[in-house]
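Undergrad: Turn these sequences into a full structure, and let the hints steer you where they fit.
Residue numbering for the sequence shown follows this note's numbering, starting at 738 and increasing by one per position.
Hints are supplied without guarantee of correctness; some may be wrong.
Here are the simulated distance ranges between beta carbons [said to hold, decoys possible]:
#1 805 to 751: 14 to 24 angstroms
#2 769 to 866: 25 to 35 angstroms
#3 825 to 767: 44 to 54 angstroms
#4 757 to 781: 13 to 23 angstroms
#5 854 to 802: 39 to 49 angstroms
#6 832 to 745: 40 to 50 angstroms
#7 785 to 752: 30 to 40 angstroms
#8 868 to 751: 40 to 50 angstroms
#9 809 to 831: 28 to 38 angstroms
#10 780 to 756: 40 to 50 angstroms
By construction, these hints were calculated from the structure, which means they are not laboratory data. In this text, a Cβ means the ideal position worked out from N, Cα and C, and glycines have one as well.
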Amino acid sequence: SGEAQRIRQRRGRIFALPEEPEVARVWLPKYNSPGLAMARAFGDFCLKEYGLISMPEVSCHRVTEKDEFIVLATDGVWDVLSNTEVVSIISRATSRASAARFLVESANRAWRTRYPTSKIDDCAVVCLFLNTHEADQPSSSAANNL
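TA: Written out as structure tokens, the structure is:
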């Protein structure tokens, strides 16, 4: 991928640990650290010289009357749940206030099922509901299980 090529061109290394073969990580050229599981991040200055960038991937979507909510979530959620699964989970939440927590709990269960030998990545979620006719507040939740 373009991410891997950029990192290797800057002398960074990419490999997975034997105990987590499904998680490719970025490593310093001569040290087995820090083992960051992403190629884009804010604040990881030690890997910046080796191809880690803070430029986010951006996509645009025109909001219409059909759109009910926006979900902002960390990679720990998106690594184990598809867009369709996230929409289904949020739609099944018993209330707007509990929607983000319900999604975090669902992502944690998916991690344990899909990657039983891996640590659960951090899962943080903000749900912004667009239909202002309902009086609930936006929902947010986080779980750090590193």
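Undergrad: Each hint: holds or not?
TA: We went through each hint and held it up to the structure:
Distance hint check for residue 805 and residue 751: the Cβ-Cβ separation is about 38 angstroms, which falls outside the suggested range of 14 to 24 angstroms. Roughly 44 angstroms separates the CB atoms of residue 769 and residue 866, a value that falls outside the hinted 25 to 35 angstroms. Separated by about 46 angstroms at the C-beta atoms, residue 825 and residue 767 satisfy the suggested range of 44 to 54 angstroms. The beta-carbon spacing between residue 757 and residue 781, approximately 19 angstroms, falls within the hinted interval of 13 to 23 angstroms.
As the Cβ distance of residue 854 to residue 802 is approximately 45 angstroms, the hint placing it in 39 to 49 angstroms holds. Separation of residue 832 from residue 745 is about 47 angstroms and conforms to the stated range, judged on CB atoms against 40 to 50 angstroms. Between residue 785 and residue 752 the C-beta distance comes to about 19 angstroms, which lies outside the given range of 30 to 40 angstroms. The hint said 40 to 50 angstroms for the Cβ distance between residue 868 and residue 751, and at roughly 43 angstroms that hint holds.
At about 21 angstroms, the beta-carbon gap between residue 809 and residue 831 misses the expected band of 28 to 38 angstroms. Taking 40 to 50 angstroms as the suggested C-beta distance range, the pair residue 780 and residue 756 does not conform, at roughly 26 angstroms.
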